[in-house]
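Protein chains in written order, with the working numbering: chain A, 1 to 282; chain B, 1 to 282.
These are calculated hints, taken from the structure and not from any lab test. Given the structure is predicted, the values throughout are model-derived calculations rather than measurements.
Since copy identity is lost for identical chains, a pair holds within one copy or between any two.
List time: in silico DSBU-like cross-link candidates among lysine-lysine, alpha-carbon distance up to 30 angstroms:
no.: 1; residue 1: 30; residue 2: 42
no.: 2; residue 1: 42; residue 2: 259
no.: 3; residue 1: 30; residue 2: 259
Here are the chains, one letter per residue:
Number of protein chains: 2
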Amino acid sequence: MRTYLDCYPCFIRQALEAARWIGADEAAQKLLLDRVLKLLGKVELSSTPPQIGDRVHRLVRESLGDGDPYRSFKQDATREALDLYPRMEALAAEAADPLEAAVRLSIAGNIIDAGFSHRYDLWGTVERVMSQPFAVEHLAALRGALAGARSALYLADNAGETVFDRPLIQRLGLPVIYAVKGGPVLNDATMEDARAAGLEAGVRLLSTGSDAPGTILERCSQEFREVYGRSELVIAKGQANYETLSEEGPRVFFLLQAKCPIVARDLEVEVGGIVLRQGGRE
Amino acid sequence: MRTYLDCYPCFIRQALEAARWIGADEAAQKLLLDRVLKLLGKVELSSTPPQIGDRVHRLVRESLGDGDPYRSFKQDATREALDLYPRMEALAAEAADPLEAAVRLSIAGNIIDAGFSHRYDLWGTVERVMSQPFAVEHLAALRGALAGARSALYLADNAGETVFDRPLIQRLGLPVIYAVKGGPVLNDATMEDARAAGLEAGVRLLSTGSDAPGTILERCSQEFREVYGRSELVIAKGQANYETLSEEGPRVFFLLQAKCPIVARDLEVEVGGIVLRQGGRE
Numbered sequence: 001m002r003t004y005l006d007c008y009p010c011f012i013r014q015a016l017e018a019a020r021w022i023g024a025d026e027a028a029q030k031l032l033l034d035r036v037l038k039l040l041g042k043v044e045l046s047s048t049p050p051q052i053g054d055r056v057h058r059l060v061r062e063s064l065g066d067g068d069p070y071r072s073f074k075q076d077a078t079r080e081a082l083d084l085y086p087r088m089e090a091l092a093a094e095a096a097d098p099l100e101a102a103v104r105l106s107i108a109g110n111i112i113d114a115g116f117s118h119r120y121d122l123w124g125t126v127e128r129v130m131s132q133p134f135a136v137e138h139l140a141a142l143r144g145a146l147a148g149a150r151s152a153l154y155l156a157d158n159a160g161e162t163v164f165d166r167p168l169i170q171r172l173g174l175p176v177i178y179a180v181k182g183g184p185v186l187n188d189a190t191m192e193d194a195r196a197a198g199l200e201a202g203v204r205l206l207s208t209g210s211d212a213p214g215t216i217l218e219r220c221s222q223e224f225r226e227v228y229g230r231s232e233l234v235i236a237k238g239q240a241n242y243e244t245l246s247e248e249g250p251r252v253f254f255l256l257q258a259k260c261p262i263v264a265r266d267l268e269v270e271v272g273g274i275v276l277r278q279g280g281r282e
Numbered sequence: 001m002r003t004y005l006d007c008y009p010c011f012i013r014q015a016l017e018a019a020r021w022i023g024a025d026e027a028a029q030k031l032l033l034d035r036v037l038k039l040l041g042k043v044e045l046s047s048t049p050p051q052i053g054d055r056v057h058r059l060v061r062e063s064l065g066d067g068d069p070y071r072s073f074k075q076d077a078t079r080e081a082l083d084l085y086p087r088m089e090a091l092a093a094e095a096a097d098p099l100e101a102a103v104r105l106s107i108a109g110n111i112i113d114a115g116f117s118h119r120y121d122l123w124g125t126v127e128r129v130m131s132q133p134f135a136v137e138h139l140a141a142l143r144g145a146l147a148g149a150r151s152a153l154y155l156a157d158n159a160g161e162t163v164f165d166r167p168l169i170q171r172l173g174l175p176v177i178y179a180v181k182g183g184p185v186l187n188d189a190t191m192e193d194a195r196a197a198g199l200e201a202g203v204r205l206l207s208t209g210s211d212a213p214g215t216i217l218e219r220c221s222q223e224f225r226e227v228y229g230r231s232e233l234v235i236a237k238g239q240a241n242y243e244t245l246s247e248e249g250p251r252v253f254f255l256l257q258a259k260c261p262i263v264a265r266d267l268e269v270e271v272g273g274i275v276l277r278q279g280g281r282e
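Bound conformation, chain A alone (with noise of 0.2 angstroms):
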């Protein structure tokens, strides 16, 4: 998905929240700013999101002098998250069709994202996510690419959303490799992150060998890449990996919450709604 100049506020608003949850006084912020300014003037509109985000967040990096300035806000949401493992482990174990029950829980977790925000509430999500109708509903198609398929790409997205990833993975009924960023950009997950959030048992963790946001395939690791392509089913949380992989064709099953209104102006759905939806398909 290309980017839009409707991205360029949410980028400067990304910086800008980026400096103020390290505590950085006006003066750095505003100098980080000036520096954002000047690389959104030379961005092309063919990039993705992800790869301007790339950019846009190694300079909130660069310029505020820290590597990882959400390290708190993943820490608080990974709790945060393992808190109520059990409460949703149990809604997935109970319900009428625990696989569906499990990709809501999923894209429930998508809420935690701090490009978005910094506030959510989670249960309060969960509550919502558990019954509300699907945007885009492709879970037939994904049951069929389960039953055929040898193993499962699953790419993470956010720290603490991860610990709502676990009821889905025990559910696919198959090996799971569960890729996760190569180092911090925004509040993605890294290794680190995913084996906070209890993500190492049961699954083989990868790293993307990528600290871009979403996919980049061609930043990614030559072992990414290679598993990547070989994989017959992948799974893909979020928005930035649907940003980066949506023309990938029909082994990738997006799982989302369209909480940009250009995301979801592109995948057809209100902002709010649920997505599962498989690559490759009007």
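Following the hints, put chain B in place on chain A, whose structure we already have.
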């Protein structure tokens, strides 16, 4: 009121919306935004937001080659407000406290604000504002000032909002000078817009001599500054007039809806709050 970094995304959004409003293509939109980004890289935060808005919207008009991009927006708003005029006048006439009702109507009209949003529900806003508790209510002070003054200077805000000022102007019990912008900026009312809103009858129309948002005194004409200087009572509509005149003391009364979180914080009210505030008071 000074500018905050939070204003940057808003200026960019305003420029983009202006470009789209007149149907500029994406290349023209991007050219404009690149110029706005450069401008924002040079601003001083000690400026008020309208001082920066003045420069941003000058760029908008120059870059788009349209001296009044909001012309049709203003005409539509004025027409819609005029259609509602009999109903609003009846509300004020039948109210237990006609002055308070007219103040509320004037504040309700402040929802027409292209800098905030291109969409609004005009009569829905009237119904809300007629019953909503004031966030700041210096009505007794306004009554006192009206009893002691020989005339009032009324600083207009947006086209269409002008119509909502008429019931109040008629109930001030004083000769009124109604000041409008010296040229188009955003959807602010100019002389032409005020005449289209029926503001000629019973008031003296005066241009501020400036096409900046709000009232930047050093940018106004000598004539306006003299009128302003000797006014015993000034009624200042909208956020931009508050942003530029907030330090001006007790003869100025601000009437507005706090639509922007930064203005709301400065006023110590919630977003959405309705405000009748005397200058120089805590």
